[in-house]
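Residue numbers (the numbering used here), protein chains in the order written: chain A, 457 to 609; chain E, 268 to 665.
Errors might be hidden in some of the hints.
Some residues of chain E that are not near chain A, with every Cβ distance over 10 Å (derived) [stated by the list, open to error]:
1) D276
2) P302
3) S354
4) R382
5) G433
6) K436
7) D456
8) K476
9) R484
10) A497
11) N508
12) A528
13) A535
14) E558
15) A576
16) V652
Under the rule of at most 27 Å between Cα atoms (straight-line distance), these lysine-lysine pairs were calculated in the BS3-like manner [stated by the list, open to error]:
17) K645(E) - K465(A)
18) K465(A) - K579(A)
19) K485(E) - K313(E)
20) K465(A) - K313(E)
21) K313(E) - K436(E)
22) K465(A) - K270(E)
23) K656(E) - K579(A)
No lab work stands behind these hints, which were simulated from the structure alone.
Just so you know, even glycine gets a beta-carbon here, dropped at the ideal spot from N, CA and C.
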Amino acid sequence: MQMAMYNDKVIAHFTNPHNVGELLDPDGEGTYGSPVCGDMMKISIRVENEVIVDAKFKTFGCGSAIASSSVATDMIIGKSIDEALEITNQDVLDELGGLPPIKTHCSVLADHAIRSAIYDYAKRSGRYYAGLEGFDPNADEDDQDHGCDMEEK
Amino acid sequence: MEKRNVYLDYSATTPVKDEVLEKMIPYFTQNFGNPSSLYTIGQESKQAIAEAREQVAALIGAEPREIFFTSSGTEADNWAVIEGAESRLKRGNHVISSKIEHHALLHSLEYLEKRGYSVTRLDVDGDGFVSPDALESAITDRTTLISVMYANNEIGTIQPIAEIAGIAKRHGILFHTDAVQALGNLRIDVRALGVDMLSVSAHKIYGPKGIGALYVRKGVLLPSHMHGGAQENKKRAGTENLAGIVGFGKAAELAMRDLDAHVERVGALRDYFVGRVREAIPDVRINGSLERRLPGNANITFEYIEGEALLLLLDLDGISVSTGSACSSASLTPSHVLTALGVPVEMIHGSLRFTIGDFTAKEDIDYTVESLVKNVEKLRSISSVSREKGWHANGDVQ
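Generate coordinates for the entire structure from the input sequences, incorporating the hints supplied.
What follows is the structure, encoded as structure tokens:
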């Protein structure tokens with residue numbers, strides 16, 4: 457048995473990730489993480505009538521970061537902005553069927569990147585979403601479980 | 268490409284060679300006597316251990332009575348450093364080592380610090396070498412022990428041990444080196460090196476796991492750290508790992524016999540591998556000097572991708588390697604060795620260590636290069652960073 461620390465779904469999304477790429481002229485885009493911390497996800501979204509009709513990602517990161525990115529973009533396509541904003545790290549983790557405890561920080565990346573992209577969309581289109589209340593795209597709440605304390609920013 | 272199983276992690280551990288295993292087997296079943304027992308099968312075990320001690324001693328140019336078997340290289344390091352320092356506490360409490368030591372050493376030093384010792388950890392240069400001048404400058408009148416590893420486990424760089432040991436000797440300071448990676452890859456002569464203590468392990472030289480040894484030069488004071496019976500000349504109590512010791516002896520004998528051929532063959536394969544990777548894959552960097560380096564070691568950063576992801580894809584192709592990426596470590600911290608070398612953190616995450624050994628074939632290298640080309644390209648096509656964009660997806664630092 458190979459890659460025993462990951463379940464089949466994680467491996468499938470890692471080896472054949474969905475929605476890889478960057479949208480041309482996206483309606484919103486967001487980036488989260490940094491190569492120094494070991495993973496960085498960039499996501500772009502297309503929105504029509506308040507529904508995310510397409511999403512693409514690019515991720516520098518480990519297997520679970522790539523799998524989380526794949527699953528998270530799958531999850532938001534077809535959802536309204538408000539629905540997408542309700543997606544939590546735990547939802548991404550559950551959709552993946554779980555990650556080893558030490559890897560759970562990788563799903564935080566996807567959740568935050570989605571919010572950043574919607575934040576960008578809201579800013580560009582002048583819309584307000586209650587789900588973005590208090591959200592700061594530049595906050596790095598991820599630091600404490602990231603092994604990134606030596607980072608020079 | 269047809270799938271193969273390719274093991275390229277010989278610095279982590281090696282398979283036991285057939286001749287070694289054959290030599291060991293009777294010591295589990297027929298020749299199982301306790302070496303401390305007076306009857307015949309006990310004395311036969313004692314004799315087998317004496318023979319193995321000679322074989323291990325010969326591999327490093329020591330006398331058999333200077334070899335003390337331990338459970339591992341880690342135990343040998345702990346014993347040498349902790350008891351070496353503790354037994355000289357009257358003279359001082361300062362220990363000098365380097366930033367690129369194995370955790371067996373680093374955590375022993377931390378233990379000493381908790382007990383009130385002061386520890387100097389020397390920097391290495393960008394090639395991975397400790398400066399003997401810097402080491403000499405760090406010596407104080409409180410320094411009682413210096414420990415610098417012979418060859419590094421991650422990047423394979425070989426330290427100027429004879430020179431460092433000479434400095435220690437001039438200052439009357441006890442000197443230890445962790446030679447776990449060097450053993451079997453370099454012709455080691457403890458007399459010519461002038462070291463006081465040297466740690467080795469069997470499972471890096473095609474011997475079994477669970478058996479190591481500490482060389483302690485005769486005349487050097489090192490108190491026991493395991494208390495009990497009179498084994499190992501009363502220095503290390505505990506019924507001997509008989510089959511393990513016999514296996515270590517056989518592995519040492521083979522390593523001694525085949526050393527030159529091993530170094531030449533493995534070194535040539537490593538150079539071939541590095542050359543092919545550089546030729547086939549853009550944006551790679553070799554970490555650590557390629558001069559004065561273990562023959563089988565290649566530590567390579569593949570820029571713009573993360574090492575654990577690459578390791579997993581290689582694993583799916585049947586290839587076993589290791590990475591310095593934080594994502595692969597239990598502590599989520601990037602390699603301390605590459606950090607000490609000054610490798611940028613984002614490039615540490617993308618580093619893989621390939622270590623080639625006696626069972627590696629040229630076809631294995633070709634297969635690995637093919638897999639690397641495919642999988643590096645794949646991960647780069649997914650990655651949010653690239654040569655064109657640089658290390659930040661939007662050109663801005665988060």
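Sort out which numbered hints this structure fails and list those numbers smallest first.
Numbers 15, 16, 18, 20, 21 - these are the hints that the structure violates, sorted from lowest upward.
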